[in-house]
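S.K.: Could you build the full structure based on these sequences and the hints that come with them?
Residues per chain, in single letters:
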Amino acid sequence: MNLSNLLVSFATFFYVAALCSYFLELSRDDQKEFSWGSLLIEVGFLIHTFHIFAQTFSKVHNGSDTFFLPVGSFAENANFFAWSLAFVYFSFVKRNTTEGFGLILSPLLLLFMIPSFFPSQPIAFNLPSTGTNYFYLHILSAFFGYASFALSFAAGVLYLAEDRVLKRKSQIHFYHKLVPLEALERFVFRTMFWGLVLLGMAIVTGSLWMKSAFQSYWTTDPKSLAAILTWGFYLTLVWLHEISAMKGKRVILISVWAFALVLFTFIGTSALKTGIHM
Amino acid sequence: MDLICLGINHKTCPVDIREKLAFSEERQPEALSSLKSLDGVRECFLLSTCNRVELYVHGHLEVVPKLAGFLETFHGFSQAHFLPYLYQFQGSAVVEHLFRVASGLDSLVVGENEIFGQVRNAFRLAQRLNALDSMLYQVAERAIRVGKKVRAETKISDRAVSVSSIAVDLARKIFGDNSNQRVLVLGTGKMSEQTVKRLVASGVGAVTVASRTYERALELAQKFGATPIHFNEWPEALLKSDIVISSTASPEPIVRAEEVALVMHSRRHKPLCFIDIAVPRDIDSRVGELDDVYLYDIDDLRVVSEENLKLRKKEIETCEALVQNELNSFDQWYRYTEAKPSIQKFMTYFERVVEDELAKARHQFKGKEKELNVLLGRVRARLLHLPLEQLKQAAKEGHLKNHINTLEALFPVDESTKSATSDLISNPLNPSHPNQAGAEFTKSTNL
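Protein sequences, first through last, are from chains A and R.
So for the first sequence, the numbering used here puts the first residue at 18; every next one is plus one.
So for the second sequence, the numbering used here puts the first residue at 89; every next one is plus one.
Treat the hints with caution; some may be incorrect.
DSBU-like, lysine-lysine: derived pairs with alpha carbons at most 35 Å apart [stated by the list, open to error]: (1) A:Lys186 with R:Lys398; (2) R:Lys428 with R:Lys328; (3) A:Lys186 with R:Lys278.
These are calculated hints, taken from the structure and not from any lab test.
M.R.: Structure below.
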């Protein structure tokens, strides 16, 4: 087992432990200030970050052409996406949210860590100018942008579940464990805002890279078109929420369905196997 | 143990009798002073809340009729009315009762916090009026300690059980921080008042009160710094509100789903929480089916209350164990104080021997009396330290009597010399305060 595999195993172990801890905290009657789940997920993220660095540097040492971000296969993509999720969470939104959200984050992280334990075919890159800064920024901002939308989606699902509990009153005695709905709504739109900023960056840097690689700022590639459509839709949603034209469950429901656009842009368009994105 | 507790509470006595015997906060100092002046009362302590009136006294059993007489005279309320409801505890049962009261185990709502503050205030008042000495001081001080411990180490007070607290908790689960929320109160009943009180304490932004009688709206509004409005103005106020508390006496629902649907449209579906504590209900149950509207009626709140109460009841056993620990600790302290006369004899014997020998040889130390006294003090402290520690240990293990018998046999002493050393016995290491002997003892037994 090499260092990279060891680190990914350790990171996964901590994410599993965090998930178990969050479940235990949820089932406990008392509420404590300190959360073991939160600590474990942070340790997992730290190890995961080492893993990403280890992978990056090992690619450079192996003398791979110019591209060194660990997104060379389906397994690596999923792993890097999991890390992006945690990165966006800890960098942009952690301080504004509650511990209860860790319960949603940890299973998502685990879901995207699973492919790392299975063999995956490397993706062949036949693109020019992949060593430019625009290209790296394009990849990073796209991953971070999709991760932000994924977090927004997860918070939206949590909102709808809690709304159901609060309205149906079937498990009403469980109320003290719930994250306040308004806090969740804020979280949904804060992550959506960061998703917009990052996806916007990905579109701009992608366009600049296109110029250096193909002497044109624009291509009719399906992923590019889908990305612009997604960005426009989310921008409208954030704007409507910001001007208080839409609030509460309805706007959250739309935001949850809007995630289908992200999935189509991120995964669906790659399945079409056309254009410069794979 | 000459301790007596005479009282009434919610379990034994109807509210109309309880309110007649209750001591208002303003009259409690006067009442305590009168109680203290009764013949045979060495120490006293008075606890008066809306659910209980209790007199705690250190004195002989003969004082009990005087206590009932005191209640009659002070309140001008004939004994014939309240005697059937009076209960009485004696000796160690008094200690156990006060410990359970301070822990909230004897309260109407198990684990409530208010009683702890009330016991503490009663203790402070008694201290201020010098109504406490060593015995009742120890009992009350330990009751406060056990009350604090029970709340810190168990979940007895963790969850809200009152309807008003649960209403506030639920509103928090929708809005999180309450500080920006606007509250509309429909009706000015007692439940409304309690809920508003809780909401204001939780820091809500603004409160508006609507009542069919404007004067009552004004009165409630003034109490909580709210804005009073006429009852027909509530639909406009609803537009700007986030939490609505309703408890009017209307026989028909006053808030209908159609009206709320229009309001929600105008609010762009900003969440709205209704707390309906009226019976019959004020808010049409279909209101709760609207998106982003959360409706809780009195039955919903009671379900939560019962669930939370079940959790509290699970904690009773742990609390009783903590009370028992403190009772054991108090018992040791008491046994030790009971042994005081014998220890006094032993120390007197010791002092007499030293004084006799010193009288013979004092002339040899002329000019060095100060140094001699310091030296003797040190010798005395070192010699007595071990036997006193052994006695404390024996008190802890419950066989102090054997040691005391041995002491009395080994060191027979003349009663007349007792007073010379009595201060030492109170606390052989620091004889400055009578209560500190007990405190020192408790500390050393680490209980």
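S.K.: For each hint, tell me whether it holds in the structure or not.
M.R.: Against the structure, the hints:
Distance restraint check for Lys186 (chain A) and Lys398 (chain R): the Cα-Cα separation of roughly 18 Å lies within the 35 Å cut-off, and the hinted pair is therefore satisfied. Note on Lys428 (chain R) and Lys328 (chain R): the hinted pairing is violated, with a Cα-Cα distance of about 71 Å set against a maximum of 35 Å. For the hint pairing Lys186 (chain A) with Lys278 (chain R), the CA-to-CA distance comes to about 25 Å; that is within 35 Å, so the pair holds.
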